[in-house]
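K.L.:
Chain by chain, the residues:
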Amino acid sequence: MVSELVAKILNQIKVIANSPSRFLFMVLLTFVFGTIVSTLFLKPLDGFWLLMPLVVLLILFFVFESDNQKFLIAICAIFILALFRFNQTFIDVSQPSVLDYVDKEIVMSGMIDGELVPRESSQEAILNNLETAGTKLQGKILIRLPQFQKFSTGNILEFRCKTIRPKSFNGFDYVGYLESRGVYSICYQPEELFVQGQAAWKIQDSLLALRAAMIQQLGKIFPEPHAAFMSGILFGGSQGLGEDLKGDFSKTGLSHVMAASGYNVSIFSQLFLVLLMRSFLGRRKALAVSALLVFVYVFLAGGTPPVVRAGIMAATVMLGTWLGRAPRGSNLLLLSGSLMLLVNPRLISDVGFQLSFAATGGLMLLGSWFGERVKFIPEVFGLRESCAASLAAISATLPIMLWHFGSTSLIAPLVNLLILPWIPYLMLLGGIALGVSWLSVPLGVLLAVPASALSSFVLLLVTWFGSVSFASITVPKILSAILALVFFVFMLYFANFKKAEN
Amino acid sequence: MSRPSIENRSRPIKSAKQKKKFFGIGIIVFVMILSLSYQALAVEWFSDNSELKVWVFDVGQADAIFIETPNGEQILVDAGADGTILTKLGEVMLPWDRTIDAVIITHPHADHEGGLPEVLRRYNIETIYETGVSGYNDLQDTVRQLADEQGSEMILVTDSNPPLLSGEGWLASPKPSEGGGEGLEVKILAPAVNLQNKKIDNLNASSIVLLITYGETSILLTGDAPIDEENDILTDLEQSVDVLKVAHHGSVTSTSGNFLETVLPRFAIISVGTDNDYGHPNPATLERLNSRDIKTFRTDFDGDVLITSNGREPVVVSRLLPF
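Top line first, the protein sequences correspond to chains A and B.
Plus 586 on top of the position in the first sequence (first one is 1) and you've got our numbering.
Plus 1 on top of the position in the second sequence (first one is 1) and you've got our numbering.
Chain B with its partners taken away, still in its complex shape (with noise of 0.2 angstroms):
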């Protein structure tokens, strides 16, 4: 016969109501770490860092696309209409995470300005972009104000605009770790001429169209451009493009068969809502993009598409963002 040591007297004895608790907390801490990491998966939090990811959301009809570069900065090009574009971005990047680097703002358009005091309210945003445009009071007026509370920079451009990132600018990018090439670079293609406080008719034409290139891969994102804009823009373009953000949601105005012939995209993508009553995309510009096979992605049909490069072919993939 042992008598217990003094250590195991003093032993704290743990009741079952404690042991219930900590069973319960668990539990909790459990399902906390198990959706973190579905989340994690779901959207490649954690994936290879030398990456280029744009996602093109599916925010209804209206544009937003977000870019991820290589060394982690983040870009969006248009917020959508209203708030659907804070489900999206809440998605995609870390929970952690309050600063977008750059909003690059096509047109002042609603349904690609509209979202953007709601982001404005949420994110530290750096620097803004766009042309400077007269478009609606109330939206313009709104996003100047919010920029301004918070700071952030906001830059009128052109086509004379050096690129936005690349080697020397001011987000330096590395070169691709496989297949070579330049780092990634997005250049502005238009519009040609300075627009700021300029009254315009068709504010579509006033569209910042957006080159981005990193190693071999190429994406062109053209706004709201209608064709006499997009033909502008053709003398610039010295390649053709392996995936091509469609213009005004897919509408008979853009995405001329001259236009395609020439920037030859083999992905192209149609922001668009599901019954709009815009009868958005039409017929005519599916079957121009059709007859040229060239594999067409729809937000209202496959959601939000992911397109990742590691500086060779880019992977263009439908990936339903859980919420």
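Next comes chain A alone, as it looks inside the complex (with noise of 0.2 angstroms):
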């Protein structure tokens, strides 16, 4: 009985062993395994005593000769790595950090690290580079800077004040959101503030200031609540759009639109493509091309992880279109994942992450299960095959929601169904006057007319579904963990299902 399944599994590890794409696959699969293991168990360790197991499993590598052990080696020698790299972003505690300095009133230094986000009444910054009397601090601290004084990236300030750890409220992981970026303390009231210098420049500062200016220039062609909306949907700046309608489109299951999600990269990316195909370019530079605006529009977006998720999957499959090879769709989830866990293993823990990745292995999964039970929708306008991409990107994330948030939206499906379609029209609207108005601002704002209307019309919806009373529940946090786990294991079930099915 034993030795039956031993042969069997053995018989399993060969076939993969002996296929490339399957091989990755697991290789791929272990890696985010490691990480996810890492954030529930790992405790700092010396990073020696996970470097030491690494460097005798490279070696066995090159010792053991037959493909089944050299895939053993690799898979065990992987997870160690993730162990090893989620080890390395623990604040070393040997050194001085951020951490030292909690609670107490010093004066200190640091750049201002990507962008300012505009709050109530002041603006948040994140600050690198630390530094008090002369000596260097780990990690980053979150910073509030007074609302209508003028920063920019890479400023560097000096400043008086007695940091505080961050907190999580309301169920949402603060901490650990914090933590994915780095930051360890805040700074609520800065004193004697002043500007001290500017960091050498550097090519993101650039493409940060060529998305404000694209978002300010918004602003100056389109109304509000508009021009936030639109600035949302081309570059994921929602953060001018008023709270009730930020309430309504969370309640309604459409944040996701705002933020500059996978599917604005998606959509972007086939623009690009058709657009440059077409050009004289000639297929292989035009695809080379296409990835590199790809990688731009990553970083004008944001760059937030479902953009830079959708950004190496497209870029990805362009490569793969160059070289004539088509990637396996898991396989390209689980590459762009792990390359970003690789960069920043605390990535695991930030709920953009998680939903994009679920909402985009929902869709590869469940889709086509779903395509086959909604067949009474009419085919029209792609209606039925959005509905079955929508139905499964809401059930493969919502037991992310319910354990993150403990609340869901009961109207999703229709309302995605309903808003989705607009989206397109409505970015290349949007677009089109964006470009234009850099030609002439009267012009643009002309031609902003046409988006404001439609775009009016999705904003109404949003509201209007919004108020609905039923529009999202609120779950108890034990029951929402209990439902978040049958899902799980419901999801799990079906993907070894679907895996017999084939």
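Hints listed in this document are in silico derivations from the structure and should not be mistaken for laboratory results.
By construction, the Cβ of each residue, glycine as well, lies at the ideal position given by its N, Cα and C atoms.
Hints should not be assumed to be uniformly reliable.
[Unchecked claim] Taking lysine-lysine and the DSSO-like style, the derived pairs with C-alpha atoms no more than 30 angstroms apart in a straight line are:
hint	chain 1	residue 1	chain 2	residue 2
1	A	Lys806	A	Lys832
2	A	Lys736	A	Lys629
3	A	Lys806	A	Lys788
4	A	Lys961	B	Lys18
5	A	Lys806	A	Lys736
6	A	Lys788	A	Lys722
7	B	Lys20	A	Lys961
8	A	Lys736	A	Lys753
9	A	Lys656	A	Lys788
10	A	Lys722	A	Lys736
11	B	Lys200	A	Lys736
12	A	Lys748	A	Lys722
13	B	Lys188	B	Lys54
14	B	Lys21	A	Lys961
15	B	Lys199	A	Lys736
16	B	Lys188	B	Lys296
17	A	Lys961	B	Lys22
18	A	Lys832	A	Lys753
19	A	Lys656	A	Lys600
20	B	Lys54	A	Lys806
21	A	Lys753	A	Lys690
[What the hints assert, rightly or not] Computed footprint of chain B on chain A; a stretch qualifies when at least three of its residues, placed anywhere within it, have a C-beta under 8 angstroms from a C-beta of chain B:
hint	segment
22	726-737
23	1037-1045
[Said to hold, decoys possible] Output of the computed footprint for chain A on chain B, the stretches with three or more beta carbons under 8 angstroms from beta carbons of chain A:
hint	segment
24	84-91
25	96-107
26	117-131
27	139-148
28	302-313
With the hints as a guide, bring the two chains together.
P.N.:
As structure tokens, then:
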């Protein structure tokens, strides 16, 4: 009995080891699995204890000859690599860090890293390269700056402040969210604040400046709330949208549209491809240029996890086409996930990251199954297809939504179905108006009118559905945890079931 | 058997795909027209042009009042605390309208001037009126810098200023079509002294107080004026007013019983945020209004409030803007 099982497993390993794409799949899956294990169980370790086995495994990899053995060694090595990378994200307590100065009032300096985010009566920024009295500190801090003073990315600030540790609220894991960005403490009221200098110019800075300029230009040609909505769907900058409207978007399960999600990236990359493939560039150059444009767009859209995920996937598909190979969907998804986790393992606890991967995975796994079951919906305008896609993405993200927020939108499938088809047209009209406005603002204003009209229609639908009393339900924490677990098990079972079908 | 004529044959044959495409474009255009008309109806873009319209916007715990004169000039009195004002302006102004004729900042508190930098970044403002009193440096510097960049004129005012809008003023306003009386006039009742660069303890007491009259209609906008300042303007008021924008979000330190007895408003509007930290409006203020049978609107309950007048008695309604 046992020997039979071992033989079965060995056979399975042989199959995997001999198929490059399955081999890759297992390697990537192991890396993601290793990161999940780390986030749940790993305590800070001396890196040596992980580096040693890694080196040993690497040597063994070349000693052993059979594919099966090499495969097993590679899997172990990848697992330890995941632990090793995660371990590196812990703050080294033997070196000075921002954690040493929590709840103490000190004078420090730091550089504004990334975007300034406007808040109700302040603006928020993340400070990097922190120093106090000549000592370099590990970790970043979040700082609240005066609302009306002008700051920009790369400014080096000096200030006196008593920093505090962040706290999670309303079930939202704020601590985890900040730590995934390397932020360990917060300065709410900096005093004696002044700009000391400006860090050297970086390519990211100019892309951020370009993004800010685009969003500002949209504000010049579109009236609100359409300017904020357009910048949301084009560049993922939805801060200008009022709290009420934002609430309506989340109640109707549409927040992903506002966040410049993978959906926007896929629309853009398709547009680039269609336009460039027909141009004088020729097929191969067009693919390369499109991949570059996707890369630039990922930056313009704020480089949030869903956007990076979609960007990597789109670029990989283009590369695959260039090489004449179509990559497997599941590998593509895992590849982009693993790359992102390799760079920043802490992303694993980011809600946006989780939702984006669940939605895409759900689409791949459940899309066709739902397609079979919604045959009663007419096929015009791709309605049936988008309905199946919405249902697949929503069911796959449901456990994560319940786990993090304890609430879920009941009308999300319907509203997504009604709203999503308009988004590409809205992006097209808005993009044209924005482009023209760089030549002539009045002409841009005029061209923005039809886009505003369409945007009004979409926003009215969102506010109407958002005001429906049963738009979203809140589930008690324990029940939501159980439900999330049940759903997760169901998904696993389903994945298996589908494999057997194939 | 007749042969098909040449014209018939040469007519292009629309494929099913093309038809579908035209159908799709048709639907999009239809939806655009539909939503534009809805918005036009909701905010009366194209209503009677000889009307005075005054919107008291629901911008949370802040003040923002938008005046559209009978000849289409636009004046913003205070700009709210933040970008919220932009949504309101975006709804009541035509989508291609990017200019505001005048902005009056009653006093430089963040809940009255805070939204102005955003407004200046989006709209061309011809003139900005303020007292020049010394307020929060960051905010005032930002406003002055932005105003300077786009070439807005900054005018410092006191109550000795001539009315901003009158028959011969810089924005000549026609006389009302009905009921006779004078054309639109916006008169400054306070402050009484030049406050340029002065530092004062209570900035509320520096509030610009405005009296808007159009035919038989009169509207008093009081900023955040406290009781002392309210008493000072009583001497300038020759008649009772129809609509009072209650000072300082309904705080107990404004709107005294004595003031109400003299002003005798029929309608009062309180611009106040839901669950604000200040406990505005104060129950005592509400009681003072209530006991005098003054119909009171609150932006936290009633949303945006619209005052319209064709020169006779004004009509005051709660009109929720779509967004």
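K.L.:
Taking the hints in turn, state whether each one holds.
P.N.:
Going down the list of hints, with the structure as the test:
Restraint check for A:Lys806 and A:Lys832: satisfied, since their Cα atoms lie roughly 22 angstroms apart, inside the 30 angstroms limit. Simply put, A:Lys736 and A:Lys629 have alpha-carbon atoms about 41 angstroms apart, too far for the 30 angstroms limit, and the pair is violated. Among the hinted pairs, A:Lys806 with A:Lys788 is consistent with the structure: their alpha-carbon atoms are about 27 angstroms apart, no more than 30 angstroms. A C-alpha spacing of about 22 angstroms is found between A:Lys961 and B:Lys18, which places the hinted pair at or below 30 angstroms, so the restraint holds.
Between the alpha carbons of A:Lys806 and A:Lys736 the distance comes to roughly 20 angstroms, so the proposed pair stays at or under 30 angstroms and holds. Our distance criterion of 30 angstroms between C-alpha atoms is met by A:Lys788 and A:Lys722, whose separation comes to about 21 angstroms. At roughly 24 angstroms between alpha-carbon atoms, B:Lys20 and A:Lys961 fall within 30 angstroms of each other, so this suggested pair holds. Under the criterion of a C-alpha separation no larger than 30 angstroms, the hint pairing A:Lys736 with A:Lys753 is consistent with the structure, at around 28 angstroms.
Distance restraint check for A:Lys656 and A:Lys788: the Cα-Cα separation of roughly 42 angstroms exceeds the 30 angstroms cut-off, and the hinted pair is therefore not satisfied. Annotation: proposed proximity of A:Lys722 to A:Lys736 holds, straight-line Cα distance about 26 angstroms (limit 30 angstroms). In summary, the hint linking B:Lys200 to A:Lys736 is supported, as the alpha carbons are separated by about 24 angstroms, within the 30 angstroms threshold. Between A:Lys748 and A:Lys722 the alpha-carbon distance is near 17 angstroms, which keeps this suggested pair within the 30 angstroms criterion.
Between B:Lys188 and B:Lys54 the alpha-carbon distance is near 17 angstroms, which keeps this suggested pair within the 30 angstroms criterion. Proximity of B:Lys21 to A:Lys961 is assessed by CA-CA distance (about 21 angstroms); at most 30 angstroms being required, the pair is judged to hold. Between B:Lys199 and A:Lys736, the direct Cα distance comes to roughly 25 angstroms. Compliance with the 30 angstroms bound is thereby established for this hinted pair. Note on B:Lys188 and B:Lys296: the hinted pairing holds, with a Cα-Cα distance of about 24 angstroms set against a maximum of 30 angstroms.
Between A:Lys961 and B:Lys22 the alpha-carbon distance is near 24 angstroms, which keeps this suggested pair within the 30 angstroms criterion. Our distance criterion of 30 angstroms between C-alpha atoms is met by A:Lys832 and A:Lys753, whose separation comes to about 23 angstroms. Taken as a hint, the A:Lys656 and A:Lys600 pair is honoured in the structure, with Cα atoms around 11 angstroms apart against an allowance of 30 angstroms. In summary, the hint linking B:Lys54 to A:Lys806 is supported, as the alpha carbons are separated by about 25 angstroms, within the 30 angstroms threshold.
As the CA atoms of A:Lys753 and A:Lys690 are separated by approximately 17 angstroms, the hinted pair is consistent with the 30 angstroms bound. Counting residues of the segment 726-737 of chain A whose C-beta lies closer than 8 angstroms to any C-beta of chain B gives 5; at least three are required, and the coverage claim holds. A count of 6 residues in the segment 1037-1045 of chain A with a Cβ less than 8 angstroms from any Cβ of chain B is obtained; the coverage claim is therefore met, three being the minimum. A stretch counts as covered by a chain when three or more of its residues have a beta carbon under 8 angstroms from one of that chain; for the segment 84-91 of chain B and chain A the count is 6, and the coverage holds.
Coverage of the segment 96-107 of chain B by chain A holds in this model, with 3 residues showing a Cβ closer than 8 angstroms to a Cβ of that chain against a need of three. Judged by the Cβ-Cβ criterion of 8 angstroms, the segment 117-131 of chain B is covered by chain A as claimed, because 3 of its residues qualify and three suffice. For the segment 139-148 of chain B, the stated coverage by chain A holds: 4 residues have a C-beta nearer than 8 angstroms to a C-beta of that chain, and at least 3 were required. Here the segment 302-313 of chain B counts 0 residues with a CB under 8 angstroms from a CB of chain A, which misses the bar of 3, and the coverage is violated.
The structure fails hints 2, 9 and 28 (numbered hints given earlier, in ascending order).
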